[in-house]
Every structure is written in structure tokens, then in C-alpha cells.
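Residue numbers (our numbering), protein chains in the order written: chain R, 129 to 481; chain Z, 129 to 481.
No lab work stands behind these hints, which were simulated from the structure alone.
Keep in mind the model is a prediction, meaning the values are calculated, not measured.
Keep in mind that a hint or two might mislead.
Copies of one chain are not kept apart here, so a pair can be met inside one copy or by any two copies together.
Here are the computed lysine to aspartate or glutamate pairs in the DMTMM-like style, where the Cα-Cα straight-line distance is at most 25 Å [claimed, not checked]:
| hint | residue 1 | residue 2 |
| --- | --- | --- |
| 1 | Lys226 | Asp289 |
| 2 | Lys347 | Glu384 |
| 3 | Lys412 | Glu144 |
| 4 | Lys143 | Glu384 |
| 5 | Lys247 | Asp290 |
| 6 | Lys347 | Asp397 |
| 7 | Lys347 | Glu432 |
| 8 | Lys226 | Glu193 |
| 9 | Lys226 | Asp290 |
| 10 | Lys347 | Asp325 |
| 11 | Lys260 | Glu163 |
| 12 | Lys143 | Glu223 |
2 protein chains.
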Amino acid sequence: MTQLKNDTFLRALLKEPVEYTPIWMMRQAGRYLPEYRATRARAGSFMGLCTSPDYATEVTLQPLERFPLDAAILFSDILTVPDAMGLGLYFAEGEGPKFERPLRDESAIRALTVPVLDKLQYVFDAVSSIRKALDGRVPLIGFSGSPFTLACYMIEGGGSDDFRHVKAMLYSRPELLHHILAVNAQTVTDYLNAQIDAGAQAVQIFDTWGGALSHAAYKEFSLAYMQRIVAGLKREADGRRVPVIVFTKNGGQWLEEIAAIGADCVGLDWTTDIGQARARVGDKVALQGNFDPNALFGSPAAIEAEASRILAAYGQGSGHVFNLGHGISQHADPEHAAALVAAVHRLSRQYHQ
Amino acid sequence: MTQLKNDTFLRALLKEPVEYTPIWMMRQAGRYLPEYRATRARAGSFMGLCTSPDYATEVTLQPLERFPLDAAILFSDILTVPDAMGLGLYFAEGEGPKFERPLRDESAIRALTVPVLDKLQYVFDAVSSIRKALDGRVPLIGFSGSPFTLACYMIEGGGSDDFRHVKAMLYSRPELLHHILAVNAQTVTDYLNAQIDAGAQAVQIFDTWGGALSHAAYKEFSLAYMQRIVAGLKREADGRRVPVIVFTKNGGQWLEEIAAIGADCVGLDWTTDIGQARARVGDKVALQGNFDPNALFGSPAAIEAEASRILAAYGQGSGHVFNLGHGISQHADPEHAAALVAAVHRLSRQYHQ
Numbered sequence: 129m130t131q132l133k134n135d136t137f138l139r140a141l142l143k144e145p146v147e148y149t150p151i152w153m154m155r156q157a158g159r160y161l162p163e164y165r166a167t168r169a170r171a172g173s174f175m176g177l178c179t180s181p182d183y184a185t186e187v188t189l190q191p192l193e194r195f196p197l198d199a200a201i202l203f204s205d206i207l208t209v210p211d212a213m214g215l216g217l218y219f220a221e222g223e224g225p226k227f228e229r230p231l232r233d234e235s236a237i238r239a240l241t242v243p244v245l246d247k248l249q250y251v252f253d254a255v256s257s258i259r260k261a262l263d264g265r266v267p268l269i270g271f272s273g274s275p276f277t278l279a280c281y282m283i284e285g286g287g288s289d290d291f292r293h294v295k296a297m298l299y300s301r302p303e304l305l306h307h308i309l310a311v312n313a314q315t316v317t318d319y320l321n322a323q324i325d326a327g328a329q330a331v332q333i334f335d336t337w338g339g340a341l342s343h344a345a346y347k348e349f350s351l352a353y354m355q356r357i358v359a360g361l362k363r364e365a366d367g368r369r370v371p372v373i374v375f376t377k378n379g380g381q382w383l384e385e386i387a388a389i390g391a392d393c394v395g396l397d398w399t400t401d402i403g404q405a406r407a408r409v410g411d412k413v414a415l416q417g418n419f420d421p422n423a424l425f426g427s428p429a430a431i432e433a434e435a436s437r438i439l440a441a442y443g444q445g446s447g448h449v450f451n452l453g454h455g456i457s458q459h460a461d462p463e464h465a466a467a468l469v470a471a472v473h474r475l476s477r478q479y480h481q
Numbered sequence: 129m130t131q132l133k134n135d136t137f138l139r140a141l142l143k144e145p146v147e148y149t150p151i152w153m154m155r156q157a158g159r160y161l162p163e164y165r166a167t168r169a170r171a172g173s174f175m176g177l178c179t180s181p182d183y184a185t186e187v188t189l190q191p192l193e194r195f196p197l198d199a200a201i202l203f204s205d206i207l208t209v210p211d212a213m214g215l216g217l218y219f220a221e222g223e224g225p226k227f228e229r230p231l232r233d234e235s236a237i238r239a240l241t242v243p244v245l246d247k248l249q250y251v252f253d254a255v256s257s258i259r260k261a262l263d264g265r266v267p268l269i270g271f272s273g274s275p276f277t278l279a280c281y282m283i284e285g286g287g288s289d290d291f292r293h294v295k296a297m298l299y300s301r302p303e304l305l306h307h308i309l310a311v312n313a314q315t316v317t318d319y320l321n322a323q324i325d326a327g328a329q330a331v332q333i334f335d336t337w338g339g340a341l342s343h344a345a346y347k348e349f350s351l352a353y354m355q356r357i358v359a360g361l362k363r364e365a366d367g368r369r370v371p372v373i374v375f376t377k378n379g380g381q382w383l384e385e386i387a388a389i390g391a392d393c394v395g396l397d398w399t400t401d402i403g404q405a406r407a408r409v410g411d412k413v414a415l416q417g418n419f420d421p422n423a424l425f426g427s428p429a430a431i432e433a434e435a436s437r438i439l440a441a442y443g444q445g446s447g448h449v450f451n452l453g454h455g456i457s458q459h460a461d462p463e464h465a466a467a468l469v470a471a472v473h474r475l476s477r478q479y480h481q
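Let the hints inform the model, and build the full structure from the sequences given.
Take a look at the structure:
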């Protein structure tokens, strides 16, 4: 394998010394970039992008051409996994992703099994292709949705603002939800390990919806299954550690417990003070975050001031990967994203001397 | 004034001894009740309900006829206040509330002033009418949106999922947002004091969107203005203390700071463990909450188990007002709400012996 030219991101995840605070942005390859929209138009559809290693490689690299980001992230979607389980992913015009066969009745749930990974070969091919195209420029991050977050889509059959079916099942038939989560956890473990085999140099578990649960339910139905995954992941490739990042949106109240499941890094959304988070768990894990993605709607000067505030709150030393607290908005101005990346690189050097 | 027959709610807010844990439900008068939908159909529109003291009284009392709730809450809407400021509230079919003249340009913002309270006389008339109709059965809660939450609607011109305009202003032109918030804080103070004069026996400030901010921005743009309101409220009426409840949805990370602004009670959404919250701030304030409203989609047995868990987490003694962690869903089954109220009343007695 090619030698990494910029391994700042990997070193920060392991709290090893760095020269500056590395940055990447969740959803950095996406609709806010005109070049992404052009590629997507050529591909014909969102899944057309995901299922073609060539297109996935092209869009993964687009933000790196614009900004000196310190990591690339596989372009894909968390719903590839339930699609491989046979739930029938489709995109209704203007409605977001949906499943033809949401998991609602007991017999369908009992029949759910870990899918053959061959069905996701296009993802692993994309990882290999991206890794090759990167040619050691920056590390490549693989990812998956968390078991609970995947279950939300699988049970609701699409996006939801109240998780009505999920919560009915969680409170009334918890054993059925546990079956789905156990299948998901094994699937995600296999899926992430195959991404690592294909060349992913770090992996992130996105727990977008665990934060919609009570503390008790979060521990039982989301965190426990992420812990199971972390325990089953390959942690080394090419003689180098493969760090694991766990990110629960709205999980700021539960940092101590999240930091204890064995991941190298915990992602923070923008509501958590990163200085307080470091005091709570910074001896155990690195922290990733946590710029409010919608602060990108402010002026470049305001963006720089807010980046400066976050860098100062984290303070001296390694263990901080700068990121947004959630995915970048499709309405964000790419010039504002450029201002953020430049500000973080420039302003963070003082904290690494 | 008529003697209160059931003052359990008021005593719990002041951490005085009670026989059981009182309960009310946010949005308890609402679309999940068929009798509410019938009254709304007669009134012709949502604002037709709000602006008629007779209709507002009728729907306020409806949930009390079904369930032995320990408090009534004024039926109204938080958007009455910006409507009185002249922003032109209207309801677009299937789209929720909107404003004709959202606050976007500097001259409109500088022209914003505290409205003449006469424009909200229909609200105060509703409070008087409800208080009379209650005839001392349970206390009546008045309410308002928080200055920041009102500003979100005033600036975005309606609901938003990213608060794009608000955050652009917050980060780039904070002085403009501070002007709006100062006007809102004075208006809300006057508005709640007039509700207290009209008969409200407790008041709640709903900070629905403060939890969408970073910790630093929350303190500066939401909490500081709620503190200003609390300091300006009349705290006694009919020779009895008028307790103030502050509720920031998604504010669980900031409880210590919220508990320090002078309110009697802090509302919790369902993501916070109420036992941990009590350990953090229970010596300073009472706590209200925090049953996941969507746990009402579970079975009655599951609802009872979850209520039992929350009561046990709070533990022995007064200072807990049971509530949902957010408004009840329009899709909730009224029989399930009945099961919750009965369970809380029955299961809580053991914690007040």
C-alpha cells in the first residue's frame, strides 16, 4: 500500500502529537457542491451514484479538490444495509428514501437474517477504488448506520418525526426490536470489517436517531449494540491501527457511557461544549466535532470566530478532530466551507506546540 | 376567588409535601381528542379557537372531563405574541403557521417594539373565563414561548428544520438578534404578568428551539432572556406564590445553568434521566417530566411500566410534576393517556409517605 502523505487525522484519533487540528466535514461530498450535482445528474439517481464504484470515487474526491481536508469518507448511504436485507429501498420523488416492505409484523421480523455480503460488493469495490484514487493523500473513512438507526428506517419504512412504530415496538414488544438489532449489529460488524479489508483506514458508526430515546432506552437499544460492533471490528490493517468513531446525535448527556464502549473517538453534535466534554471523557477517547453546520450560514468572519471558540474550548494538545456537529446543509455556500477549513488549519497550530 | 380543591400541582412545584405525584400533559387539549376536533370544526379554524374565550374555555376543560389531571393549561398558541407585533400570522393549508412579514431586514428589525397588550386581550379574557369555569377544581397554567423560540418563527417566517436565517443573524449580526430578543423578553414579561392578573396560577415558558443552539449561543441568546423574564414576573397572586416553570426542549446538558435563573421548576424532555437530573439540580428546583410522548404508542401495560420507571428514578419526596417530555402526539390514543394518568396517580403514592 502507498505510504500516507497526510496522517494527521489518524494521529489525532489516537491522541498522538499533530502539527494542527485535522478537519473533515460530515456529508462533505454532497449537494452543496455544484460538481456533485453535475455528477449526480449524469448518474441519473442517488443510488446510481452509490452503486457505481466509478461515480462513488468521483464524488468522494470532489471536496478534496476544493478544500485541503484531512480525510475522505466513502460516498454511500446508510440504507444500503437494509436494502441488502431485502426490504426494497426506493426513492419517492420529493419524499426521501422509503422501504417497500417495512418490518412491522412478527413473522417478517423473525425471518430477518444477516444478508450475504456479496449484495454489498459494490460498496467494497467503491472503497478499493477510492483508496486507489486517493493514492495516500489522506486516510479513507468507512462507515455504517448504527443498529438502532437502521432499525428506525426498517420499521418506519422511511424517515419519521415521531418513530411511532419503533417506539410502539420498543415499549410493547422489546424482544422483537432486540431481534432486529442483533441481526443489524452482526451485519454492521461484517459490513465494516469488509470495508476495512477493502481499504478503509478508520470507520465511523452514525447513530443519528439514538438520541431520540430516553436514557434507559438508549443504553439498552442503541449503545449496547454499538458496543457489540466495536468489540467485533478488526482494529488493525497494513500494520496500523484502524480507529473507530462513534457518533450519537443528541448524545451529549451520555458521553461517559458512550466513551466506555471501546471506540477510539466520540463524535459530538454542536450542542455540547467540547471543553466540558474533554473534561468528562477526554482521558479515554478523542473527540470529533462540533461546529454547528448551520453556522456556515454566517459570514466568513463569523465562521472563523466560531471555529476559534471551539478550538480554544478544546484547548492544548492532540485528540481533537474538527468536524461539523452534523452533515453540511445542501444550502451551504462552498466558499463558507472553504473559510472554515482554512480557519481551523491556521488557528489550531497554536494548540499543538 | 374560589378555594382550590386540588392544589397538589402547586405544592409539588414548591416542593411542599403532597400525597401523590401530580400530572398534566403538554398539549393535553388537542387533536388527539375527538371532542377537540369537533369543537375546532365548529370554530372553523385554529385561530378561531384561540381568539374566542368561549371556545378556548371549552377545549381547555375537555381533557379534564376525561382524565383526573392535576392542572389545566390555557388553550392558546405561542404565536399570538408575534401576531400582536404585526407580523401577520396565517395558516397555509397543510403547512403549519406562517408569517406574512418575517423579520429579515435591519429596518424592520429596528422598528420592532413591544406591542400594546390590548391586542392580546382575547387571551386574558380566555384566562378569566377558564379560571371561572374551573371553579377551583385544579390550578390554571398560563404560558408563553421563550424569546428565542418566538424569534425563530419571527425570523424564519414559519417552522424550519435548519433555522438558516436565525443562525445567519446570530453569527453575523448578533446585535440585530439581541434587539429582537430584548423586545420579545419585555413583551413576554408583560404578557405573562397580564395572564397572572387574569387568573393564571402558574406560568410556563416554552423554549422549544433553544436546544438547537450550541451551549455558548444558548446561554447568550436564549437563557439570558428567560432569566430577564423570570426576574420581571409577578410571583404572587391571591396571597399565594405563582410558580414559574422553564422548559428547554433538548436542554438536558445545561440543567445546572437553567436551574439557576430563578424559576421554581425546570421541565425535562424524555432524553434526560430524571434521577440524575434530581441529583444535579433537585436541591434548587422542582422537576417536571419526563415520559416520552411517543411511548404512548406502546400498550397500556408498557405505559405503566415506563411511568413506574420514571417515578422510581425521581424517588422519594415532593418536587416532581409528572408530565410528558414534549406535547402529546395527535395520533395518541386517549385511552393510553388515561392509562398513564391512572398509573402515575396509583404508583406514586409510595413515594410520598
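Hints and how they fare:
When the C-alpha separation of Lys226 and Asp289 is checked against a cutoff of 25 Å, the pair qualifies both within a copy, at 14 Å, and between copies, at 20 Å. Taking the shortest alpha-carbon separations for Lys347 and Glu384, both the intra-copy value of 12 Å and the inter-copy value of 23 Å come in at or below 25 Å. In this assembly of identical chains, Lys412 and Glu144 lie within 25 Å of each other by CA distance solely inside one copy; the values are 13 Å within and 42 Å between copies. For a Cα distance limit of 25 Å, the shortest separation of Lys143 from Glu384 inside one copy, 18 Å, qualifies, whereas the shortest one across copies, 30 Å, does not.
For the homomeric pair Lys247 and Asp290, neither the shortest alpha-carbon distance inside one copy (31 Å) nor that between copies (35 Å) is at most 25 Å. Taking CA atoms no more than 25 Å apart as the test, Lys347 paired with Asp397 passes in both settings, with 18 Å inside one copy and 17 Å between copies. Taking the shortest alpha-carbon separations for Lys347 and Glu432, only the inter-copy value of 20 Å comes in at or below 25 Å, while the best intra-copy value is 36 Å. With identical chains, the CA atoms of Lys226 and Glu193 are never at most 25 Å apart, being 33 Å at best within one copy and 41 Å at best between copies.
For the identical chains of this complex, Lys226 and Asp290 are neighbours both inside a copy (16 Å) and across copies (22 Å), given an alpha-carbon limit of 25 Å. Taking the closest pair of Cα atoms, Lys347 and Asp325 never come within 25 Å of each other, the shortest separation being 30 Å inside a single copy and 46 Å across copies. Within a single copy, Lys260 and Glu163 get their C-alpha atoms as close as 21 Å, which meets the 25 Å cut-off; across copies the closest is 65 Å, which misses it. In this assembly of identical chains, Lys143 and Glu223 lie within 25 Å of each other by CA distance neither inside one copy nor across copies; the values are 41 Å within and 48 Å between.
Violated hints, listed in ascending order, are 5, 8, 10, 12; each of the other numbered hints is respected by the structure.
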